[in-house]
Each structure stands twice: as C-alpha cells, then as structure tokens.
Amino acid sequence: MSLWNPFGSELRKTATLPAAWAGVLVALLGSAAITALNALTVRGAVAAGTPERLADTSPFETGFAAMPIIGVVGAVVIGVVVIGSEYTADRAESGGARQIATTLAATPHRPTLFIAKALIVLVFVAMTALVTIPGNIALARAIIGGAGIETVTPAEAVTRSLSTALYWALMGLIALSITTLTRSGVIPLVVLIANSSIVSFSLLLTNLTPLAHWLPDMAGRKLFGFPSEYVVQGGLDPVPGAMVMGGWALVLMVVAGIVFTRRDA
Amino acid sequence: MIQVDGLSKRYGSRAVLSDVTFQALPGRVTGFLGPNGAGKSSTLRILLGLDRPAAGSALIDGRPYRSLRHPLRTVGSMLDGSGAHRSRTARDHLAWVASSNGIPHRRVSEVLDQVGLADSGRTRVGRFSLGMGQRLGLAAALLGEPAALVLDEPVNGLDPEGIRWIRGLLRGHADAGGTVLLSSHLMSEVAEIADDLVVITAGRIVAAGSLADVTAGYATLEDAFFGLTDGRQGAAR
Numbered sequence: 001m002s003l004w005n006p007f008g009s010e011l012r013k014t015a016t017l018p019a020a021w022a023g024v025l026v027a028l029l030g031s032a033a034i035t036a037l038n039a040l041t042v043r044g045a046v047a048a049g050t051p052e053r054l055a056d057t058s059p060f061e062t063g064f065a066a067m068p069i070i071g072v073v074g075a076v077v078i079g080v081v082v083i084g085s086e087y088t089a090d091r092a093e094s095g096g097a098r099q100i101a102t103t104l105a106a107t108p109h110r111p112t113l114f115i116a117k118a119l120i121v122l123v124f125v126a127m128t129a130l131v132t133i134p135g136n137i138a139l140a141r142a143i144i145g146g147a148g149i150e151t152v153t154p155a156e157a158v159t160r161s162l163s164t165a166l167y168w169a170l171m172g173l174i175a176l177s178i179t180t181l182t183r184s185g186v187i188p189l190v191v192l193i194a195n196s197s198i199v200s201f202s203l204l205l206t207n208l209t210p211l212a213h214w215l216p217d218m219a220g221r222k223l224f225g226f227p228s229e230y231v232v233q234g235g236l237d238p239v240p241g242a243m244v245m246g247g248w249a250l251v252l253m254v255v256a257g258i259v260f261t262r263r264d265a
Numbered sequence: 266m267i268q269v270d271g272l273s274k275r276y277g278s279r280a281v282l283s284d285v286t287f288q289a290l291p292g293r294v295t296g297f298l299g300p301n302g303a304g305k306s307s308t309l310r311i312l313l314g315l316d317r318p319a320a321g322s323a324l325i326d327g328r329p330y331r332s333l334r335h336p337l338r339t340v341g342s343m344l345d346g347s348g349a350h351r352s353r354t355a356r357d358h359l360a361w362v363a364s365s366n367g368i369p370h371r372r373v374s375e376v377l378d379q380v381g382l383a384d385s386g387r388t389r390v391g392r393f394s395l396g397m398g399q400r401l402g403l404a405a406a407l408l409g410e411p412a413a414l415v416l417d418e419p420v421n422g423l424d425p426e427g428i429r430w431i432r433g434l435l436r437g438h439a440d441a442g443g444t445v446l447l448s449s450h451l452m453s454e455v456a457e458i459a460d461d462l463v464v465i466t467a468g469r470i471v472a473a474g475s476l477a478d479v480t481a482g483y484a485t486l487e488d489a490f491f492g493l494t495d496g497r498q499g500a501a502r
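If you're matching them up, the sequences are chains S and W in order. So for the first sequence, this note's numbering puts the first residue at 1; every next one is plus one. So for the second sequence, this note's numbering puts the first residue at 266; every next one is plus one.
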C-alpha cells in the first residue's frame, strides 16, 4: 500500500487538531518567555557590572537554556496527541465513539498507518525545532545586544541545535509509541512531561544505579551540548548516548507497531 | 456482495459470536436485527477489519476488508456516531477522510449537502447533537461513492424527518444496485426499510431470509422477533 495517501491524510488531520498546535506553541512561546527572562537578567547583570554572578553572558546559551525542558515538553505533546486523539471518546450522548474506527476503516493497513503517524510526529517536531531554536537564540541576541560575550562558535551552535532537534524527535517518537500502547494520552502526558520538566525520575535513579544513565532521556542528554561543568557528571557521551536513545525509540516503535497491528481496534 | 461465513469471536471465556453466517446481496437492503449485546456490532467490526475473528471470514466482493486498496470507495461504513474527533470541524474531518483514500475534495461539500449539514461544515463536532453526529458519520460513509454501505444503528438519534430521509437514501442506494447492510434493535424501523433480514441473538444467527420468510407464521415482525429470540434481554425499546 502506498504511503502517500495515509501520510497526506494524517498531515491534514494533525494540522486541523488544536492539541497538536498546543504542543508547537508550548515549545515556542514557553521557551520564548524563559529566554526573555534569562536575557533580561544577563543584560541587567552586565549593566550593573556584575556579570560574574552568571555562568556566562553568551546569547546562544541564554537562548538555548529552555530547549532541554520546554522544547521537550512540546515534542512530547505532539507525539502523544497524534495517536492519543484517535482514542478520545466523543460525548456519551453522541455514542461515545472514537475516531480510531474511522481511521482504521480508511487505512486498514496498520503498519502503513503507524509509519505515517511517526512521520507526522517527525514533521511537526522538525517544524517546531526550526522555528523555536533559531528564534530563541535570535531573541536572546536582540535583548542582550552587545552586552554579552559569545562563548559558542557558529559551528558548535549548529551542531547543538541539530542535536537538540534530534533529541526532541526521539522523545516525540517515544511518546507516540507509549501512547499507542496505553491507548490514552493522559498517563504518557503526565509521566513524560513531569519527568522532563518538574522532577526527572531518571536523574534521581542515577543516584541509585549507574544503569539509569542508559534510560532514554538520560542517555541522550549530552546532545544538548552544555559545557560539562554545568551538567550532572557521568553517563554516556553524545554519540553513544544518541545511539542508545535512538535504540530505545526504535525498540518502542517496533513493539508499539506490532501491538497496534495485531490488537482489536 | 457481503459474505460472512462461520464467524466466531470470544472475549476471554465469553463467546460473543458463534458460527455467524449470512450474506447481504446487491440491490437489497439487509436488516441485521438483534437485541443490544447480541453481537451485531462485533460482527460489523470484524467485517470492517477493526477486530479479528477467532474463526471464520467476512468478505466484501470476495475480499477481506483489510486487503482493499481504497476501502472507502468500495464500502462506506458508520459505527456508533460521527467517528470524528470533537475538536475538529465537520469539513476538516471529512477532508482527512477523503484524502486517505484519494477521494476528490469536492466530495466533501457534496456529502455535507447530501446529509443536510451544508450549514454546519465549519462547526466543531463537539457541538453537534446526536442526530447531527449520525449525519456526519453517514456523510463519511457516502464520501467514496461506495457500492456497499455498512451501517451500525444508523437511525439512532435521528428525528422523524431524519429517519424518513435515511430510509429514502438507503432505498435509493439499493435500487441503484448497491448493497446495504444495516444493524438495528428497532424492529419497526427495520420492517419499514429492509428487504432481507438476519436475526441474531446471543451471538448466533437464528433466522435469515427475506422479510416475508422470516416473519412467516407471525402476525408482525415484532412477534417474529420475540418468537425467534425468546424475548430475551428486553430487546424492544
């Protein structure tokens, strides 16, 4: 079965789903608010002659600070709602129907459908990254102006931006896979968002066992490329870490894809 | 033509379908009648490739649903209500359904007109009444101009005018050579609309044939229904 019709259909479906845009907006506006706050702090500290209170005054680092948290939340929301919305029940008085029946009637070849959905997650996350990451760095530059001292080279900036987009994409696919297994967006949303923003359970786990460094979010964290003196020590280097995180995403997608294909709708 | 042959399905230890066999022919409206919980929806879900049977087959023109390349152009279906996400508009819902099967976009406006939702195309499905949801579900079923229609309780929630309208629509579809299979627990509705009847109760087919054959020996379809199903499960609503 050709992938084109299911992909086009899923793209249209997601583009007309308000919750998907909520994910994009969370990443974009949430991070912009943090960047503005950080950048004003940097500018204020430099103006007051106390830049040594800060780790650095780099516009890139200032604009980049929200990427590991708010950006990840946006990617998780996108990954969850692309499949979770299929299982949202309509009001009971309208029959309590779920859209998944319509979707599977339209595209009964389920592996194709699942791949189409994974591609949609990648498209939306990539689009979000494309606007959010350069946008925040530009915002930080605009606010800090000439006051800051850039410590990150353009080549590093590009690498770290692309690596961040990769981290988001993998988290989006992991969220998609977990939500496919749970058939409801609530639990994956709460767990994944809490873990990536409020309390990182995986980070806490590393205190108990070094194996926790192999959990997907911990494995991939060096992709953000923060200077090593500012991050928790230990764990996997960027490239092996990315491979481990990618392995998690792949395994979860294969499991979710098989379950999705075999179970009753 | 729809051919269901020896379908069985269990949920845990409970048999929901046992050796369900019947057919729905082109040019005829086939009513699939049974009390709530008798296995009507389970049968239709298997027919549409949503659920898998433990045994047996359900074929549309000789092919399983899952093997159809553009299924919506062969079979239009509606299972409980709109089948749409509540935060999307009716028009946006139909648009993604159309593009999934390469159906031209102009069909969206055509079916909205056809089901009487032309003025509600930009309304979010969450604001629809039950009857409007049914109409939207029907619009999606008609989108691909399919030869066969498979509808689960299509008159649910429709007002008298809507019921009269859908009766005309389905009659016209069968008269034009199409196959119509519709489930219902409302005997009076089925008696008005069906040429053939398939009666299911507790997962088993207890009668199948033309309306006249099935009701032979009974004064009314209602009497026939209770006679055939032993009046189980308070079927008459």
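Calculated directly from the structure, the hints in this document are not laboratory data. Warning: the hint list may mix true and false statements.
[Stated by the list, open to error] Pairwise CB distance ranges, derived in the manner of DEER restraints:
(1) W:M266 / S:S197: 35 to 41 Å
(2) W:S278 / S:V259: 21 to 27 Å
(3) W:S278 / S:L119: 17 to 23 Å
(4) S:D237 / W:R371: 36 to 42 Å
(5) S:L162 / W:D326: 38 to 44 Å
(6) W:R436 / S:V259: 48 to 54 Å
(7) S:P240 / W:E410: 52 to 58 Å
(8) W:S273 / S:Q233: 27 to 33 Å
(9) S:A126 / W:L434: 42 to 48 Å
(10) S:A142 / W:R387: 35 to 41 Å
(11) W:Y276 / S:A15: 45 to 51 Å
(12) W:P291 / S:V186: 42 to 48 Å
Built from N, CA and C at the ideal position, the CB exists for glycine as well.
So, going through the hints one by one against the coordinates:
1. Between M266 (chain W) and S197 (chain S) the beta carbons are some 56 Å apart, a value that contradicts the proposed interval 35 to 41 Å.
2. Distance hint check: the CB atoms of S278 (chain W) and V259 (chain S) are about 23 Å apart, consistent with the given range 21 to 27 Å.
3. Here the CB-CB span from S278 (chain W) to L119 (chain S) is close to 41 Å, at odds with the stated 17 to 23 Å.
4. For the hinted restraint 36 to 42 Å between D237 (chain S) and R371 (chain W), the CB-CB distance of approximately 56 Å leaves it violated.
5. In this structure the supplied range 38 to 44 Å is violated for L162 (chain S) paired with D326 (chain W), their Cβ-Cβ distance being about 50 Å.
6. R436 (chain W) and V259 (chain S) have their C-beta atoms about 42 Å apart, which leaves the hinted 48 to 54 Å range violated.
7. Taking 52 to 58 Å as the suggested C-beta distance range, the pair P240 (chain S) and E410 (chain W) conforms, at roughly 55 Å.
8. In this structure the hint that S273 (chain W) and Q233 (chain S) lie 27 to 33 Å apart at CB is violated, the actual value being about 60 Å.
9. About 44 Å separates the C-beta atoms of A126 (chain S) and L434 (chain W), a value consistent with the hinted range of 42 to 48 Å.
10. Distance hint check: the CB atoms of A142 (chain S) and R387 (chain W) are about 38 Å apart, consistent with the given range 35 to 41 Å.
11. Under the hint 45 to 51 Å, the C-beta atoms of Y276 (chain W) and A15 (chain S), about 37 Å apart, miss the expected range.
12. Take P291 (chain W) and V186 (chain S): their Cβ atoms lie about 45 Å apart, and the range 42 to 48 Å holds.
Comparing the model with each earlier hint shows violations of hints 1, 3, 4, 5, 6, 8 and 11; every other hint is respected.
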